[in-house]
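J.: Start from the sequences and build out the full structure, keeping to the hints where you can.
Chains A and B supply the protein sequences, listed in that same order. Residue numbers for the first sequence follow our numbering, so the first one is 1 and each next one is one higher. Residue numbers for the second sequence follow our numbering, so the first one is 1 and each next one is one higher.
FYI, nobody ran anything at the bench for these hints, they're computed from the structure. Certain hints may be false.
Unchecked claim - Per the computed footprint, the stretches of chain A lying under chain B, defined by three or more beta-carbons under 8 Å from a beta-carbon of chain B, are:
| # | segment |
| --- | --- |
| 1 | 17-30 |
| 2 | 56-64 |
| 3 | 96-103 |
To be verified - Computed footprint of chain A on chain B, listed as stretches where at least three residues anywhere in the stretch have a Cβ under 8 Å from a Cβ of chain A:
| # | segment |
| --- | --- |
| 4 | 4-12 |
| 5 | 15-21 |
| 6 | 146-158 |
| 7 | 173-185 |
What the hints assert, rightly or not - Okay, the calculated beta carbon distance ranges per label pair:
| # | chain 1 | residue 1 | chain 2 | residue 2 | range |
| --- | --- | --- | --- | --- | --- |
| 8 | A | P316 | B | G163 | 30 to 38 Å |
| 9 | B | R107 | A | T159 | 53 to 61 Å |
| 10 | B | P156 | A | D122 | 24 to 32 Å |
| 11 | B | S133 | A | D294 | 40 to 48 Å |
| 12 | A | E307 | B | A57 | 24 to 32 Å |
| 13 | A | N37 | B | P156 | 44 to 52 Å |
| 14 | A | Q9 | B | N45 | 24 to 32 Å |
Built from N, CA and C at the ideal position, the CB exists for glycine as well.
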Amino acid sequence: MADVRDRAQLILITGLILAVSFVVLTLLLNTVIYTENLASRGVDTGGSEAIEYQTVVVHGLGELVDGENDAEHQSQSEVRERVENGTSGFNETVTASYLERGVVADVSNLSLDDGRLLRQTDPSRAFTNRTGTANWTLATGVEDTRSFVVTVSNPSGSTPGTDAFNVSLVSLGGDRWSVYVYEDGGALELAVQNVSDGSPTLDVCGPISEPARIDLTRGTVNGEPCGALVFGNGISPGAVYDIEFRRGDHIQGTYNLTVNTATAGTSVESQNFETVASGTSPYEVPAIYSAHVDVHYVTADLRYRAEVRIARGEPP
Amino acid sequence: MDRGQAHTLEAFTAALLLVSGVVFALQATAVTPLSASTSNQHIENQQRLVANDVLGATAENGSLREAVLFWSPSTNRFPGAGERGYYTNGGPPNEFGETLNRTFRERRIAFNVHLTYQRPGTPGRKTMVYMGSPTDNAVTATRLVPLYNDSELTAPGATQTLGGADANGSFYAPDVADGSTLFNVVEVEIVVWRM
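T.: Okay, here's the thing in structure tokens:
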């Protein structure tokens with residue numbers, strides 16, 4: 001009968017072993033899951049916070065620059081001074097709020113590129129120059145343009161290329177990129193002619209309600225992205241161009257654009273514009289085109305430094 | 001005969017051991033960080049992300065700035081905030097508040113919203129929403145919102161710009177950058193926890 005007693009012991013021992021191995025397995029699984037959980041959380045030294053700070057700086061100073069440009073100061077030195085004041089004020093306040101969390105966040109080495117803001121603010125005026133000429137040039141030898149927004153209504157002329165208003169960029173080599181605003185059965189429509197196109201592509205990004213806010217540099221129409229609208233599509237990067245309005249008497253509305261005059265050779269055709277003080281459209285205003293700053297973000301674990309360029313509404 | 005009973009008993013004991021092993025094993029899993037509990041690390045991570053994203057999204061569509069400017073100069077408090085000067089039932093009655101309510105309150109997640117602004121000396125603090133004292137598992141998210149002199153107050157009936165409101169002292173934060181359009185930089189902090 002010895003074998004029978006052995007079997008009972010065997011069952012007992014098996015039960016014990018099973019129980020122990022279950023417990024061990026559970027603990028092992030628990031450890032694995034916990035380790036994985038810790039590992040997948042990433043080495044958080046605050047890299048994303050540094051990027052967030054940089055975003056705050058780019059947005060904040062971008063708005064500051066645009067705010068000062070919009071305020072239409074009389075002289076270039078006044079805009080510069082106010083942007084510099086604003087930047088140091090911005091830096092002090094933001095630095096103070098980061099210091100509370102034990103972070104040194106700082107903006108330094110501000111440098112500004114001068115520009116001119118060209119604008120028309122009277123929504124019922126045609127897109128003609130100061131003296132009423134319909135075909136005219138806004139600026140020549142331009143390398144950088146940003147925030148080029150036209151808000152238009154009441155187009156006349158239904159054939160782009162022959163009788164409709166257009167904005168054109170013309171490079172030194174003669175490459176031409178045009179956006180036409182024309183009328184088709186009472187509705188406002190948009191046509192785009194890229195450098196390589198033989199004729200304009202009609203009715204892009206429609207239907208468009210009036211007044212149509214066309215952001216040429218960002219490529220949006222009434223706030224909606226418009227794939228066909230790519231600023232200066234086909235003009236080789238780095239090439240300088242002239243900005244022209246053709247048949248400006250076929251449309252009315254407002255426009256704003258900022259050109260970079262810090263680059264050599266860029267000049268605004270001032271004879272086509274009124275001065276700021278006159279208050280009548282179209283006029284040109286001293287402005288800041290872009291700002292460069294060094295961004296520093298220092299914590300106990302992280303040292304982040306970047307040079308950022310701030311120019312809102314540049315073509316992508 | 002006796003031995004047979006003893007064997008049966010032994011078998012039962014073994015079975016019991018086995019079963020209690022299994023039960024113990026199942027109980028032990030309760031401590032994993034994946035099991036549901038209010039102290040769950042994953043929930044905290046998730047809430048921190050959601051809070052950050054709410055701030056990011058509202059900053060992007062402008063409703064965060066509108067909420068910071070949602071200030072009634074005549075009563076000198078957030079419109080409709082009552083005696084205490086802050087909202088206790090949910091977000092403020094604007095788009096930012098609706099976003100907070102949709103994202104958190106409807107899921108029974110409580111939140112507080114605090115504003116910190118700079119002023120000469122110590123920073124000032126304003127409570128916009130206070131739904132109670134946060135628990136130990138609360139998470140926070142912050143975002144900086146720059147304000148400019150020409151930003152308009154968004155409270156119903158208020159037409160003033162910040163520059164105008166500051167001139168007669170009717171905005172909670174002061175102008176800290178004279179000689180520029182910058183007005184102040186407000187830090188919005190939301191504290192989020194499960195009720």
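J.: Evaluate the given range 40 to 48 Å for the C-beta pair formed by S133 of chain B and D294 of chain A.
T.: holds (42 Å)
J.: Please check whether the segment 173-185 of chain B has three or more residues whose CB lies within less than 8 Å of a CB on chain A.
T.: holds (count 9)
J.: Does the beta carbon distance between P156 of chain B and D122 of chain A stay inside 24 to 32 Å, or does it fall outside?
T.: With Cβ atoms ~31 Å apart, the hint holds.
J.: Given the hint of 30 to 38 Å, is the C-beta distance from P316 of chain A to G163 of chain B inside that range or not?
T.: Given about 34 Å between the Cβ atoms, the range holds.
J.: Residue count check for the segment 146-158 of chain B against chain A: does it reach three with CB-CB under 8 Å?
T.: Coverage by chain A holds here, the residue count being 4 at a Cβ distance below 8 Å.
J.: Just tell me: holds or violated, for the beta carbon distance of E307 of chain A and A57 of chain B against 24 to 32 Å?
T.: holds (28 Å)
J.: Quick check: do three or more residues in the segment 15-21 of chain B have a beta carbon closer than 8 Å to a beta carbon of chain A?
T.: This one holds; 5 residues, not fewer than the three required, reach chain A with a Cβ under 8 Å.
J.: Between the beta carbons of R107 of chain B and T159 of chain A, is the distance compatible with 53 to 61 Å?
T.: For R107 of chain B and T159 of chain A the Cβ distance comes to about 57 Å; the hint holds.
J.: Do three or more residues from the segment 4-12 of chain B put their C-beta atoms closer than 8 Å to C-beta atoms of chain A?
T.: holds (count 4)
J.: Would you check chain B against the segment 56-64 of chain A, counting CB to CB pairs closer than 8 Å, and say if three or more residues qualify?
T.: holds (count 5)
J.: Look at the Cβ atoms of N37 of chain A and P156 of chain B and judge whether their distance stays inside 44 to 52 Å.
T.: This hint holds: roughly 47 Å between Cβ atoms.
J.: Has the segment 17-30 of chain A got at least three residues whose CB is nearer than 8 Å to a CB belonging to chain B?
T.: The restraint on the segment 17-30 of chain A holds, since 10 of its residues have a Cβ under 8 Å from chain B and three suffice.
Going through the hint list in order, the structure does not satisfy hint 14, though it satisfies all others.
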